[in-house]
Amino acid sequence: MDRSLLPDSVRAGSASTRHSGGRGLALVLTCVSLAAAPLLLSVHYVDLLVFAALLAISGLGVGFLLGQAGIINLAQVAFYGIGAYATAHVTVAWNLPGLLGLLLGVVISAAFALVMGLPLLRLSGHFLALATLALMVIVTQLFFEWDWLTGGSLGIGGIPKISLFGWTFDTPMKFYYFAWPIALLCFWMLSNIADGRPGLAMRAMRDSPEAAEVMAVDSTALRTKLFVLSAILGSISGSLFAHYVGYISVESFTLERTIVMIMAPVIGGVRNPWSALPGAIFLSFLPELLSPLGEVYRILFGLGLVLVIILFPQGLLGIANWRRVK
Amino acid sequence: MQRVKRTVLSTLIVSALCGSAFAQTSGTPVRVGAIVSVSGPLAFVGTTTREGFQLAEKVINQRGGINGRPLQLVFEDDASNPDIAVTKVNALLNSGVVAILGPTGLAATLATGGITAPKNVLQVTGAGIALPVERERKCLLHMMPAQHLNAAALLSYAVDGAKAKRVGVLYDSGVGQAVMNAMKDLAPKYDVNFVATEKFDLAATDMSSQAAKLKASNPELVMVLTTSATPFRNLRQLNVTAPVVTGLAVAVYETVKAMGPAAEGAVFAEYMVAEDPRPREKEFVDLFRGEYKKLPKNFEVAAWEAVMVVANALKKAGPDAGGDKLCIAARGKYAAAHIDYDFAAPDMTGIQLSSFQYSTVKDGKFARVAFTAKERP
Amino acid sequence: MSGELLLQVTVSGLTNGFLYALIGLGLAVVYKGSAIINAAQGDFAIVGAIVTVLFTQSAGMPYWVSIVIGVMAAALLGGLMEVACIRPMLRLKASEESILLATVGLTFLIGAVVLVVVGKAAYFLPPIGGEAQVQVGSATLQRHAVIVVAAALLVVAALAAFYKYTHLGRSMVAASSDADGAVSIGINVPLMRTFTFMLGGLIGGIAGVLQTPLIGVSFAMGIAITLKGVAATVLGGLVNPMGAVAGGLIIGLAEALAVFLFNSGYQNVVTMGLLIVIMIAMPNGLFVTARRRGG
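Line order of the protein sequences matches chains A, B and C.
First residue of the first sequence? That's 1 in the working numbering, and the numbers climb one at a time after it.
First residue of the second sequence? That's 1001 in the working numbering, and the numbers climb one at a time after it.
First residue of the third sequence? That's 2001 in the working numbering, and the numbers climb one at a time after it.
Since the hints were made in silico from the structure, they are not lab data.
Hints should not be assumed to be uniformly reliable.
Stated by the list, open to error - Here are the simulated DSS-like cross-link-like pairs (lysine-lysine), alpha carbons at most 25 Å apart as the crow flies:
(1) K1138/B with K1282/B
(2) K1119/B with K174/A
(3) K1333/B with K1362/B
(4) K161/A with K1184/B
(5) K1333/B with K1316/B
(6) K1315/B with K1325/B
(7) K161/A with K1333/B
(8) K1333/B with K1282/B
(9) K1165/B with K1374/B
Stated by the list, open to error - Short, incomplete list of chain B residues facing chain C, as computed with Cβ under 10 Å:
(10) P1041
(11) K1058
(12) Q1062
(13) N1181
(14) N1193
(15) F1194
(16) T1197
(17) F1200
(18) Q1352
(19) S1355
For each residue, glycine too, the CB sits at the ideal point set by N, CA and C.
Could you put the whole structure together from the sequences, leaning on the hints where they help?
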């Protein structure tokens, strides 16, 4: 394809490739810190970091769609829920291993995303955002309504811990070393997609739709694939969540949760595929750090959130770009 | 029940944390975790619960604490979110609390129970028992009954008290749905016909259409299963004249105030009518009114009693007993201010149908309704 | 019998539709003047209502005075939001989604402040026009609901007149459609944006005061209200106030008819499903004046 047709923002690659050397170092440091964290922090913080991993995975899906393709996906919590309920059913009602639950969740979410994505992704802009929101409302209301399937507000309990090759991940620390490698793997895979040809096509579609059409990028097909990918990540995150907490109910699958999922990558700097990682850690830790302050901590959390978004317009990872921007 | 326990003060006084609340006590505090939802959709129940907890803590310490040592409640807010409740309970257990009070919500209780149960940590919650799995959690005590009992209390009044056969129900998608399901199970036993059952979303701001559908089915009596005042107002705006029966979730002064004229004449199935306290409730009502200058209702007394249960168990087994011994000490009969409990019962509460008190609203105030629910075989 | 029920739910649905329309109107005004979707629009309504409640109940002031104060407070909040939050972000060249999420953050913040100030309870205001009711055929309507409809239509008309006939209104339109051109004729573009947000706040405050006698107000309601308004205005094409009204009415009616026709537990499923169908069938919006494809 003739890349000269494309604007700089597309050709320059995903934000993460602009400083290859720096990126490699940052990645190694991140991995080392994450590996060492449970050994240095109390179990309380390890617990928080597990939730951060889960948020990072679902946030990755949403952030990828937004940052690379410009699509606001507010339906993520629906897939999170599907993954969680699939896991709950397979392990509790059918007494089968957790991995099958994970797989089932992924299959159902992908199929659902495909079926819904084909008509919806013809829309664009605000219509599409609203459509994903409508989808989320529909699915979450069905979670309530079909309580023979989901248990409704009483939920499904007794979800067993997940095991792999004989290891059972039944403590926060063990689960940490299960969830974070999965998260990092997902980030790495998606980052590679962003750097490759599909990434080019996505950003072309986002920033210069006319050029993308000239280059015969099939917009709807590509967007649907991305939507399915995002849904799969949401589902994986939901399945892990079900195993970690052992109990799920509709109250975990709310509008607020879907908003938090999209906040993570935006706070991190949505153009960068890795954005959901610092964003998720930030969103998981900030309330905890503020809660000792008592009554007003919710106000301070809102304030902190707004301030971070205002002060870091390119996100937390965008700090690296500050020197470049001038 | 006045037990002013005099303690011999040692020369060591605990610093920093102490206030006048610890005046009669000394030594290292006995720390008990308390998870309450003071923000989010359940803030309503959570903040009320906290008042009950705090009063109990204060009074227990005035009366000598736990065998002379001060009781210290460590509060955490789970923002009505079960995931945060899980994090908080882990943090509390890690910091060395000997028991857990709360959380506020049903989902949070089930989630945190999964953590305290394997560790045999005594947990006393205000939420009702929900799932069968909870019957295996011998250390998780409930201050409120299962949905079936709530449903039976409502049906009892509707059928035996108000002599209604055609009943319409307006309920929310949260706990309302759980109670509705229980009522459907019990319907044959009470020989009642649900002519209309209309559901509305928890987050909905208006239920006029559902109320209209209810009205069109011409019920003799309407049950409202919800936590907000709006459905009552919708019913009144549509001039629904059938008597209204509802549960303790809305038997709260602020909610009744928000209902405005729609509250008049509604009947509540609850546990405490503080305007007309029974002898067993008087001490608590007076203490609460003295402290907060307002009358208590169900969430407040349930919270107070939850602390009492934990405190009694700690006194019996010893503050450092921990785990199993504490649970065994707690699981027995207990006569609370408002209800007789039997925590050794299979449903972890032992509450009887006859414990329900019925009230109505006259001129904006609660008044007792003379009715006692009887079990139907 | 069924006909009576249909009439009643239609009347209730339209009333709600006008309430959604008012929120949508505020959103449309802000979007028209700044190209920003304000996720905190519902909180303008909450704040306007709460301030009115405080002045009526706690300070004991006459109802009309409290309403004016409440609406002004909401307008001020809008202006404050623009100056403190939007302006710096635009200066730092923040992306569209960052600004949107900043307004979401503001929703959390405002809700938290309201919780601390007035607590967890729900508050209702006295209905304007008293407790009286109006009969429309066999259907009952609060007199207040009639006033809501009249007020909504009045706001739309006033808005149209404002943009067309007043100097300020025309300046705001100029500033938003061609910023450079506006500057060249001496219009203070950032100030126009501030006024846009103040106008959005004003309309939000009016919406809050009008809806509170019917549905009450509490600290957590902001985002739910905004959602309905966003749906209304996006459906209507985002910049067109009449579109927001049409969108709001469609949603209100859909909700009511969903309950009439189906099991009430599926109310949101039906309404949202209809929304999706409409958007797919009419990708250019309900009104062809939509600025870009897909709204």
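Verification of the hints:
1. A distance of roughly 31 Å separates the Cα atoms of K1138/B and K1282/B; the hinted pair therefore is violated under the 25 Å criterion.
2. Annotation: proposed proximity of K1119/B to K174/A holds, straight-line Cα distance about 17 Å (limit 25 Å).
3. Annotation: proposed proximity of K1333/B to K1362/B is violated, straight-line Cα distance about 35 Å (limit 25 Å).
4. With a C-alpha separation of about 34 Å, the suggested pairing of K161/A with K1184/B is violated against the 25 Å cut-off.
5. Between K1333/B and K1316/B the alpha-carbon distance is near 14 Å, which keeps this suggested pair within the 25 Å criterion.
6. Taking the CA atoms of K1315/B and K1325/B, the gap is about 12 Å. The hint holds against a cut of 25 Å.
7. Annotation: proposed proximity of K161/A to K1333/B is violated, straight-line Cα distance about 35 Å (limit 25 Å).
8. This hinted pair checks out: K1333/B and K1282/B have alpha carbons roughly 21 Å apart, not beyond 25 Å.
9. The straight-line distance between the Cα atoms of K1165/B and K1374/B is roughly 17 Å, inside the 25 Å bound, and the hint therefore holds.
10. Checking P1041/B against chain C by beta carbon gives a least distance of about 6 Å; that is within 10 Å, so the hint holds.
11. The criterion of a C-beta within 10 Å of any C-beta in chain C is not met by K1058/B, whose closest approach is roughly 22 Å, and the hint is violated.
12. The beta carbon of Q1062/B is not positioned within 10 Å of any beta carbon in chain C (closest approach about 28 Å), and the interface hint is therefore violated.
13. Given the 10 Å rule on beta carbons, the hint for N1181/B is violated: about 12 Å separates it from the nearest Cβ of chain C.
14. With 10 Å as the threshold, the beta carbon of N1193/B stays out of range of chain C, its nearest partner Cβ sitting at about 18 Å, so the hint is violated.
15. The restraint placing F1194/B at the interface with chain C is violated, with a minimum CB-CB distance near 14 Å, outside the 10 Å limit.
16. Because the closest C-beta pair between T1197/B and chain C is about 9 Å apart, less than 10 Å, the hint holds.
17. A distance limit of 10 Å between C-beta atoms decides the matter here; for F1200/B the minimum to chain C is near 7 Å, and the interface restraint holds.
18. Hint status for Q1352/B: violated, given a least beta-carbon distance of 32 Å to chain C, over 10 Å.
19. With its C-beta approaching chain C no nearer than about 27 Å, S1355/B sits outside the 10 Å limit, and its interface hint is violated.
Checked against the numbered hints above, the structure breaks hints 1, 3, 4, 7, 11, 12, 13, 14, 15, 18 and 19 and satisfies the rest.
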